[in-house]
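Colleague: Sequence:
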Amino acid sequence: MENSLEHISDILHNIKGNGTFVVSGAEKIILPGLRVKNLGEISFPIDPVKAKSLIQVSHKAPFGKGSKTIYDNNVRSAWEIDATSISFHNPEWSPYLKKIIKKVKKGLGFEKEKSIEANLYKLLIYETGDFFLPHKDSEKEKGMFGTLIIGLPSDYTGGLLNINFDGRNNSIDFSEAFQSYKIPYAAFFADCEHEVKPILSGYRICLVYNLINKDQSTTIRTPKFSSQQIKISKLLISSEKQFNKLPKVILLGHEYTPTNFSLQNLKGHDRPRAEALLNATRQTDYYASLALLTHYQNGQLESDYYYEGRYSYRNRGYREEPDYDGTMGEVYDEYSYVEHWSSTYPGLGDLHLEQKDIITEFNLGDGEPTEKEEEGYTGNAGMSIEYWYHYGAIVLWPKSSHISILNNRPLENRLEWIDYYMKESKTPDSEYTDIIKEILLSFVDYDFENFNRGLDVKTLTRALCFVNDPTLIQNLNNVLNALFDTIGAENWMALIEKYQLSIFKNIFISAGNSSNLYKIGVLLSVLKKLALEETEEDLELLELIDNIPNYISTNNIHVVKDSYLYYGDRSVGRTEVALFLILDLVVLSNFKDEDKNWVLNVQEQITKSLSRKYLNKVLVPALLESKNRSSLFYKLLDRCKQELLNNTKEKPQPPENWIRKVPKTENHTKVWEMLTPFLNSPIDFVYEYRANQQLREGVENALGSVTIDLKTETIKKGSPYTLKITKTQQEYKRLLKQWNKDKSLLHQLEKFA
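Each residue of the sequence shown is one higher than the last, beginning at 1 in the working numbering.
Since the hints were derived computationally from the structure, they do not count as laboratory data. Treat each hint with caution, since some may be false.
[Claimed, not checked] Quick list of the computed label-pair ranges, beta carbon to beta carbon: (1) 94 - 388: 37 to 43 Å; (2) 662 - 733: 19 to 25 Å; (3) 497 - 343: 32 to 38 Å; (4) 352 - 617: 44 to 50 Å; (5) 719 - 646: 50 to 56 Å; (6) 352 - 237: 25 to 31 Å; (7) 245 - 193: 34 to 40 Å; (8) 428 - 335: 40 to 46 Å; (9) 423 - 70: 44 to 50 Å; (10) 477 - 732: 53 to 59 Å; (11) 425 - 477: 22 to 28 Å; (12) 543 - 477: 15 to 21 Å.
[Said to hold, decoys possible] Cut-off 27 Å, straight-line C-alpha distance, at most; resulting in silico cross-link-like pairs (DSS-like, lysine-lysine): (13) 234 - 245; (14) 711 - 737; (15) 372 - 197; (16) 214 - 98; (17) 182 - 37; (18) 617 - 529; (19) 613 - 741; (20) 505 - 596; (21) 751 - 627; (22) 114 - 28; (23) 28 - 99; (24) 114 - 103; (25) 197 - 28; (26) 737 - 613; (27) 661 - 651; (28) 627 - 743; (29) 28 - 50; (30) 423 - 437; (31) 245 - 399; (32) 661 - 724; (33) 649 - 737; (34) 142 - 103; (35) 136 - 114; (36) 50 - 197; (37) 426 - 498; (38) 635 - 743; (39) 182 - 99; (40) 98 - 182.
No residue lacks a Cβ here, since even glycine has one placed at the ideal position from N, Cα and C.
Generate the whole structure from the sequences, applying the supplied hints.
Modeller: And the structure:
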C-alpha cells in the first residue's frame, strides 16, 4: 500500500500551478509624495543626508521570536519607521501600487477575480553593514499570506535579498534598478525563508507591505489534471483493502498557520495538487479532507543566551534573566497529529499518526518551524525548546474502513458524522440510515466514565428519531442510562413523542433509582411535562409518578453546595437543581392530591432535614416561586413557617463585654495558653504580639484554624514586626444578618393564605 501511496505522491509532485513562490520586477519611477512624520516630504533619489535624517526619526528594527519581540544586532541590524508615521500624497501612487499588485497576483498564481490588497507595514532603512539573517515572516494580521517589498531609489551596493523555498533559491538585487531609474519590488509567501545580505555601501531603503487575502470565497486558478486524476483513482482503488483503523496523510509543500489555513489560501503548487487529489477521491469510495498536520518536537536548547531586564513579581523588582535564541539539539520527544480540518466533511478530531501513515517527499521537522517556544533552566532541569511544524496535508481513508476508524474517535466526532449523514439524507430510509445506526451502536462500547458532560448530545436524540427503530433503543439502553441527565427533558420529550413512553420505562426507573440528583431532576421534569400534556390515562406514567417518593428518598436534596454539572445542555448548580425538583414535585402532587399517603411521604422526604442553608436557599425560594396551590404546597408552607418561627424566636444580642471563648484544639496549645489572659479579659480588646516572622505566622495559622471573633494586622515598624490582634463582633453581626434574613422570609411566607 505504501508503494501505491508513494506513487500518488510522485504524480502530485509533477503537477505544477501557474504561480511560483516569489515574484519580482521593476516599474518606471514615479514620485509617491512620501511624507514622514517630523521630517516632511522625502525627495528622490534618497541621498545620504536624507537617509541619515530618516534614521534620526526611526528606531531599531526588532524580529519576532515566538510571542516575543527581540532586539539583537547579531540577528538583525536595521532601522524602521512605523506605517502610522508615513503617508503618500501623490494621487498616482495608489494606481501605481495596484499595478504592482496585479502583477504579483498573476505571478503567485492567483485568479484575476481574487481580491488581495497590500497594507503598509514599515519603512526600513539599512545602512552600511546592516543585514537580516535567514528568517520567515510571521502573519501579522488576519488574511495575511505573504509580503511585498518595494525598493525606494537610493545609491547602494550589497543588500542582496535571498528567498528560499522547497530547495529552490531566488536572489534579487534591488540596487540594480536604481541604475536604470526604476522602482524594484518583490513578493513572496510568508513561509518562505529569506535574508538580507550585508549592505556594502550606501543606504538600502524600502517599503514593506503585508499581502492580504480579502476574498475567502475565490480561488487560485487551477489547471485540469484529468489524466493524473485517473491514475490516482486507480491507485486508491488498489490500496483500499489495506487501510485499517487509521487514515493516511499525503503532505503538500508549504507550511501554514491555523488562522489562515483553507483551500482558498493554499500557496504555489499546493492548490492544484490538493484539488487533483480531492477530485480523484470523489471518483472512488474514499473520504478525503484538507487538513493541517502538526509535527511536534521537544528537545535540548542549544544557545548562546544574553541577559534581558525583566520585572520579577516574586522579588518585586527588576532583575536580569537570561533570554535564549537558539536551536534544537538532541530531540527528546516528537510526534505528529492532525487537529485542524478544512473540508465539507466533519473530520476526525485530534488524530495522532505514526510515521508509516504519513506520505511525504521531505523529512518531517527539517528547517525552521512554524512556531517555537523556549524555556530556560527550571530547577534541576536543563534548558529546553519546542518546535511546531504545520504542514498542509490531505487526509484520506476508504469508506469501507470508515466505521472502524470512527469507532476509535471521541464521541463528539461520531456525533458530527451522524449530523452530517442526516443532512445529506433526503429521507429517513436513505442510503445513510444504516451507517447512522452503525455509528449509534458503536456507543455501546464507549467509556462514559470520562465523558465530557458539556457535550451537546441533541444530535443523538435527533438521530434516534430520524431512524425510528425501537430495536435500536433497546440496544442502547445502557447508553441512554449513562446520558440520561445530559440528554435533558426537552430531548426526552421528543423521543417519547416519536416512540412511546413504555419503551423508555426501564430507563426512567433506572434513573429514578440512581441516587443522582441531576437524573432525578430531569426525570421529574419529564414526568411533569407528560402529566400536563396527557389527555388519556397512561399506566406507565401513573406508575412512575407513584414511585416518586422512593426516588427522592434515595437522593439527599438537602445538601446545599456549590457544585455544577450539565443539566441538559447547560451548566446548573446543585442548589438550582434541588429548587427545580421541588417546583416539579409541587406540580406533580396535583395529580396525587387525593392520595394522602403519597403527599405525606413526599413532604416528609423534602423536609426531613432543614438546615438553614437548605431552607433559605432551596425550599423557601421554591415555595415563593411556585404557582401551584396543592395540598403538598401547603404542607411544605406550614413546615417552613414553623421552622422560621423557631429560628427567629430570639433576636441575637451583642456581647456584654470583650470576653471571648478560648479555643480548645490539640494543635496550637501554646498559642491558646499565651492568649488566654487576653481572651478572658472583659475590657482588653487589643493584643500586640512582637516576635519574629515564624512565630507570628504560627499565631496566625492557629487563629485561622478556628472560628473566633479576632482579626490580625502586621505592624511593620521596628524589628521584629508586631502582630496586632483585635477582638471583633463578627459572630454577632453574622447571627444578626441571618436572623434578619429568616424574618424577611417568614414575612413573605405569611402572605400566603
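Colleague: Between the alpha carbons of residue 28 and residue 50, is the straight-line distance 27 Å or under?
Modeller: Between residue 28 and residue 50 the Cα gap is close to 22 Å, so the pair holds against 27 Å.
Colleague: Does the alpha-carbon distance linking residue 627 and residue 743 stay inside the 27 Å limit?
Modeller: At roughly 23 Å apart (the allowed maximum being 27 Å), residue 743 and residue 627 satisfy the hint.
Colleague: Take a quick look at whether residue 661 and residue 651 sit within 27 Å of each other, Cα to Cα.
Modeller: Status holds; Cα separation ~21 Å.
Colleague: Below or equal to 27 Å on CA atoms is what counts here, so check residue 423 against residue 437.
Modeller: 15 Å, holds
Colleague: Do residue 423 and residue 70 keep their Cβ atoms within the hinted range of 44 to 50 Å?
Modeller: 49 Å, holds
Colleague: Quick check: does the Cβ-Cβ distance between residue 497 and residue 343 fall within 32 to 38 Å?
Modeller: 35 Å, holds
Colleague: Checking one constraint from the list: CA of residue 635 to CA of residue 743, max 27 Å. Satisfied?
Modeller: Given that 27 Å is the threshold and the Cα spacing comes to 20 Å, the pair holds.
Colleague: Between residue 136 and residue 114, is the straight-line Cα distance small enough, at 27 Å or below?
Modeller: 24 Å, holds
Colleague: How does the Cβ-Cβ distance of residue 352 and residue 237 compare with 25 to 31 Å: does it lie in that range?
Modeller: Given about 27 Å between the Cβ atoms, the range holds.
Colleague: Going straight from one Cα to the other, do residue 372 and residue 197 come out at no more than 27 Å?
Modeller: 25 Å, holds
Colleague: Does the hinted range 40 to 46 Å hold for residue 428 and residue 335 at CB?
Modeller: Taking Cβ atoms as reference, residue 428 and residue 335 lie about 42 Å apart, which means the hint holds.
Colleague: Is residue 114 close enough to residue 28, meaning Cα to Cα at most 27 Å?
Modeller: 26 Å, holds
The structure agrees with every numbered hint stated previously.
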